[in-house]
Amino acid sequence: MKKGAVLISAFISLLLIFPIFVYAAGSSTIPPQPTPTPTISDKAMEKKDCESVTMRKERIKCRLQNKVEEDGNIDYDVRVPEACKTLRNPTACIALYKNVQSSQCYNLEGRDKDKCFKETAGIRSNFSGLIPEERAQKAREYLVFLLYEFEERIEDDNKKGLISDDSAAEIIELITQIKEDILSGKNRAEIMPKFNELKQKIRAVRS
Amino acid sequence: MKKGILIAAVIIALIIIGIFIFSFNGKNAGNGEGAQKQIAAGEPTQDYANLQTNNDIFNAIDESLKFLD
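Line order of the protein sequences matches chains E and R. 1 is the number of the first residue of the first sequence in this note's numbering; add one for each residue after it. 1 is the number of the first residue of the second sequence in this note's numbering; add one for each residue after it.
The following block holds chain R by itself, in its conformation from the complex:
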């Protein structure tokens, strides 16, 4: 009987420690690059300009300058 209680206590202790480890790692991931990607991935971006090359930026500037008249 005592043996059974001890084994159960060990298992419970291991589960608690496991939960602690996973929550610890998850907390760290939320503060890093993962958080940045999460913000960016919130909404579809296909309607936005793809600012990769210099020409992409020149085009975006050209388009926006039209609104200054």
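Isolated chain E (complex conformation):
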């Protein structure tokens, strides 16, 4: 009888102890970090509204200085992408940005990233499977994704202090111009001079 009581108590103890391990596996408590008191300059930066800056290059520079790029979590309904602002149909352009954002392509690397870009633009591994009418439109979307990749790289280098705010803003402004040209239907000959200029500028700052 005593043995039975011991076994019952052991069983109950196990039932009581195991949920503690389960709970521990599912959660971790990080000790609270002391939050630094914002200084006056920090507060001034938080309040800086870059969207009200009229000149685009200055607006881009303001965002870089105030670190408001939000690491891919930009709400494009609130902040319309620069390249969409001057277009006749900004809605389609915003949808394109939202599409690639939700695909999370920019979290991928190498071939996986290219695959993600192409799939988001509706291209299989290459353009050969597309009818000529579709090909140009899909290529334009894919080009916008590739150019945005450069934008991300420049922003990262700027955050690391490898590129100055001025240089970064200048390059991102040029990327935006190229994206505008692509999205507004310009042809290769019209885009190439700016693209060559971009190549030179990026090679000068990122070797």
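Be careful, since some hints might not be right.
Unchecked claim - EDC-like mimics (lysine to aspartate or glutamate), calculated; alpha carbons at most 20 Å apart, straight line:
(1) Lys-66(R) x Glu-197(E)
(2) Lys-67(E) x Glu-51(E)
(3) Lys-66(R) x Glu-51(E)
(4) Lys-66(R) x Asp-181(E)
(5) Lys-186(E) x Asp-56(R)
(6) Lys-199(E) x Glu-63(R)
(7) Lys-186(E) x Glu-63(R)
(8) Lys-66(R) x Glu-133(E)
(9) Lys-201(E) x Asp-166(E)
(10) Lys-201(E) x Asp-56(R)
(11) Lys-186(E) x Asp-69(R)
(12) Lys-57(E) x Asp-69(R)
(13) Lys-194(E) x Asp-47(R)
(14) Lys-201(E) x Asp-62(R)
(15) Lys-194(E) x Asp-62(R)
(16) Lys-98(E) x Asp-56(R)
(17) Lys-85(E) x Asp-181(E)
(18) Lys-66(R) x Asp-166(E)
(19) Lys-194(E) x Glu-63(R)
(20) Lys-194(E) x Asp-69(R)
(21) Lys-186(E) x Glu-197(E)
(22) Lys-201(E) x Glu-134(E)
(23) Lys-98(E) x Glu-151(E)
(24) Lys-199(E) x Asp-47(R)
(25) Lys-138(E) x Glu-63(R)
(26) Lys-199(E) x Asp-56(R)
(27) Lys-138(E) x Asp-62(R)
(28) Lys-66(R) x Glu-134(E)
(29) Lys-67(E) x Glu-197(E)
Said to hold, decoys possible - Chain E side only, calculated, beta carbon under 7 Å to chain R, not exhaustive:
(30) Lys-85
(31) Lys-115
(32) Ser-125
(33) Tyr-142
(34) Asn-187
(35) Arg-188
(36) Lys-201
(37) Ile-202
By construction, these hints were calculated from the structure, which means they are not laboratory data. Yeah, the Cβ is synthetic: ideal placement off N, Cα and C, and Gly gets one too.
Based on the hints, put chain R in the right spot on chain E.
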């Protein structure tokens, strides 16, 4: 006899708890980076451009610009 039933009950309880722990961990893994890698690993990618360096991206842009004419 009673002893045997109790031992069996303990073993069953441990198995149930074990299953619960493993399913809990598996559920968490599915929401994180593992899920992202699973999506990426769905299909072979050797036909795609390897977008690593700036030149890789320049080349991909050059190739795609040809389709705008």
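**Q.** Those earlier numbered hints the structure runs against, lowest number first
**A.** 3, 5, 12, 13, 16, 18, 22, 24, 29, 30, 36
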